[in-house]
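Make a model of the complete structure from these sequences and hints.
Number of protein chains: 2
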Amino acid sequence: MRLSQFHLRTEKETPADAEIVSHQLMLRAGMVRRLAAGLYTWSPLGLRVLRKVEAVVREEMNRAGAIEMAMPSVQPKELWEETGRWQKFGPQLLKIRDRKEQDYCFTPTAEEAVTDFFRQEFASYRQLPVNLYQVTSKFRDEIRPRFGVMRAREFIMKDAYSFHVGDEDLQREYRNMYDTYTRIFTRLGLKFRAVAADTGAIGGSASHEFHVLADSGEDALAFSETSGYAANVELAEAVAPGARAGATEQLRKVDTPVQKTCEDVAALLGIALQRTVKSVALWGEDGFVLALVRGDHVVNEIKLAKLAGLADYRLATEAEIREHLGAEPGFLGPIGAKRPIRIVADRAVAAMADFVVGANESGFHLAGVNWGRDLPEPDEVADIRNVVAGDPSPDGQGTLALARGIEVGHVFALGRRYSEAMQCTVLDEAGKAVHPAMGCYGIGVSRIVAAAIEQNHDASGIVWPAPMAPWQAVVCVINPKGNAEVAAAAEALYRELLEAGLDTALDDRGLRPGPMFADIELIGIPHRVVVSERGLAAGTFEYRARSAAESESLDREALLSRLLAR
Amino acid sequence: MRLSQFHLRTEKETPADAEIVSHQLMLRAGMVRRLAAGLYTWSPLGLRVLRKVEAVVREEMNRAGAIEMAMPSVQPKELWEETGRWQKFGPQLLKIRDRKEQDYCFTPTAEEAVTDFFRQEFASYRQLPVNLYQVTSKFRDEIRPRFGVMRAREFIMKDAYSFHVGDEDLQREYRNMYDTYTRIFTRLGLKFRAVAADTGAIGGSASHEFHVLADSGEDALAFSETSGYAANVELAEAVAPGARAGATEQLRKVDTPVQKTCEDVAALLGIALQRTVKSVALWGEDGFVLALVRGDHVVNEIKLAKLAGLADYRLATEAEIREHLGAEPGFLGPIGAKRPIRIVADRAVAAMADFVVGANESGFHLAGVNWGRDLPEPDEVADIRNVVAGDPSPDGQGTLALARGIEVGHVFALGRRYSEAMQCTVLDEAGKAVHPAMGCYGIGVSRIVAAAIEQNHDASGIVWPAPMAPWQAVVCVINPKGNAEVAAAAEALYRELLEAGLDTALDDRGLRPGPMFADIELIGIPHRVVVSERGLAAGTFEYRARSAAESESLDREALLSRLLAR
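Protein chains in written order, with the UniProt record's numbering: chain W, 1 to 566; chain R, 1 to 566.
Simulated from the structure, these hints should not be mistaken for laboratory data. Just so you know, not all the hints are guaranteed correct.
[Said to hold, decoys possible] Straight line, CA to CA, 20 Å or less: simulated DMTMM-like cross-link-like pairs of lysine to aspartate or glutamate:
#1 W:LYS100 - R:GLU142
#2 W:LYS260 - W:GLU328
#3 R:LYS12 - W:GLU328
Right, dumping it as structure tokens:
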């Protein structure tokens, strides 16, 4: 591509309304333009990157035996009512009413549509297994679309759906997709990690998320450095600690006049934060619940919600707290409640001795607290906290480390939830109508573009992994109109690289070197070659890898061997 | 592709609810499945064909210098209000309200969005010309979606938009796109015709439609067999005939007791239909209008609406007719009106002598009518009829023939309508802000698939033009499980063809020859090769072109030379 015939528009200034680096750089590089809240136009430059990602996704899905198809964006309410998701999906489902007052939605995902296709097209176990996928626009009406294409409302998703007569077959395809995703993200040149994930509202028996690792990632991931264990912190189990130590201190009331947090109390008392206990007041199905976690731990809301009676829990109001504990927030604790309450202790708390809790009295905490002696054993002991770095790995091998990630892929063993709800059956080998087991497998194609930038950038701009770059190499011409020889040499090199199969651009825009190089660095082309009068005289080209600090002077042979890896 | 690993599902019976052959065959071949009214899922087979069309469109658009980008499907009302199209587009515009009660639409076309992109990205004549295109889903909320993907509500369109400082530049790009479309439809192997078209509501200075020729086409096309003239009948000019002949008959009233049509009157009187005149009663801006066309001609509504005061004309009601002509429909004419009326005569009628019209009296016509003598000259003489076969070509070369077509492409020289409405300017060479001239260029990608079938089918199914076929060739194996040698030979041939670059399928489904061949014919694969035990023994393959009546026995060399054209 000759850049004089392309459309590039870069900006030096960081846009004021872009909060994260990928959004800033995508706007500065002119990859996307905002059309409305959460709606982005992909410029020619942005689309080149998007298409590279799509191509890798398609190649690997095809290689894995999945078959591409395409379902409409607009789907009828009736289908979504068959599974109850017309209501359950909530306001993220963009609803549409047509001229005949019929209801539709702009599809955020296509379990219903693909199951409808399947039940019309497939009848027998002989036609299975099958894995059908599409790469299409999806829509989620996010309440607060932000971060550019990272959390846009309209986005490109690859979604695949597999159908199986038996669970074993589903497990085999699940593994196949897991391996396929691993190949996709490896081929894209991304540092990523697959982690076990919560199956959440979609349900099903197994689920893994694929995360691009980046410090700015919204998700926290836990993994063992000595084994393959990896899980989203939402899910990662905090294993039970050793047995509780014996009491060595007496219960005592301590003055904490303004100390309302565990940190402040520990500092005042001169003790480790790990000796304090945080009391979190909740309201569940059966009323007031006090959840206890160690002062240095954080409550895990997803784990809490899995406990009996807490599926739809909320934080208790101050009135509820005063009624049950007779105290103000900041001084709460499990001892001396005014009314019966349920006490749920994290495993770590249940194993503590001589600990500190709020006294249920303003300005006071209790220290030297011990289970059994100073208060009854907790009503329930459970894993209700996030793991922290250094926790033992749940698989018993090594300790956990933490990383942050951006979710770009998700594989689910769905089971029969959709096929049962939609009365979708096939005949098995015995001639019996059975509901097929399903898997679903998503990749956030447009999000990958942003995630790759979060992971790969520097002060000058984007540093694309080569497989995602808009072009692999660019040949820059200094003063093309002023020197025909230079222009011809650049043209010849450009053509030679193209013919050798290298996706190459020719920067023949005639910019001065400063702005030209700044553009090329900003848009992140992996290899830059400069053809200049001086170099031509010396028989050399100036070569610089985007990731390198310096440029090198290479003769023709060395240059070609570098670029074409031959 | 091994068909055992693919998903094919064909049907023998013609679906009852499919009215046209392409819809019937697409359903029977399992290319699409209806999800809801006007919404179709593309099966893996259908998608293969769609992708082939898309690929040709993209290649030729890129070759022509257009640059691909992608705009969101969901677009904000504010943009559409800038051009007034939020209202003007009418109920075909699918409107959407999001969770924040903001209004959007599912884009049927993207003049507004691309102009918005352009005005943010382009500032100077130096960046022009530019032609931006996308291949995306569009939506038109058709009141009566029908004919499958031929007139679906959600469909795939390639839409391109070019921007120019000067009109000459626009004309150059218009021509470039015209030539590109010609290449696209030629490469797709379709019989097509480009015709001058009415610029209609979109406005602009020039417009051509590209039609796939098919007897079932909704549009009538007129073209000269001896020159390049071609136009939609909506637009094609019926040239003025020679001078009017002199009167030879006397005016006389004739009994036509039940003869209300020109055909019946001509039959009764024993004269040529061309001697009769049809009177069409209309109601325009200034009241009653009588439009006169020759008995064998048809009024052209688009031409009529271009006359002064008739932009929004309608047919007159019977009450209006009785009030102005004092007669019932069937016996109307221009002589003896009860109230002042405007008479618009088609050019052919104005040149007639001794003609027959209704007498404005039930049961009677007037014969031997002559202008000037029996009634005043018409208030207006204009071209208000459809051309018919045999009319002189408007370019003066030869006579017109008619054909029917399916519109699959449209190029428009839009001018400055959108850039002015949206206050989009660039600086010209003199540093002055000017509104760029625009062109827009659409191709109905998904409709091409149906149109190709309308044009290319036989009693056994689809006969794809090779460039659109899901596969170029299929290797059929008879009894693959029963004979390892046959299976191995088929496999070897399949691999050899693939490696030679021929998009080949292997039919290893193990069907009996009858159903297997019926499938292959129905889905229209251009080349079929059968590997059988008997053939293998004789050293031959059974080859049949989809378009051929018979199969041939070819040895390996002859087969390869036929398939690979070497």
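Going through the hints against the structure:
no.: 1; hint: W:LYS100 - R:GLU142; verdict: holds (10 Å)
no.: 2; hint: W:LYS260 - W:GLU328; verdict: holds (10 Å)
no.: 3; hint: R:LYS12 - W:GLU328; verdict: violated (76 Å)
When held up to the earlier numbered hints, the structure conflicts with hint 3 and nothing else.
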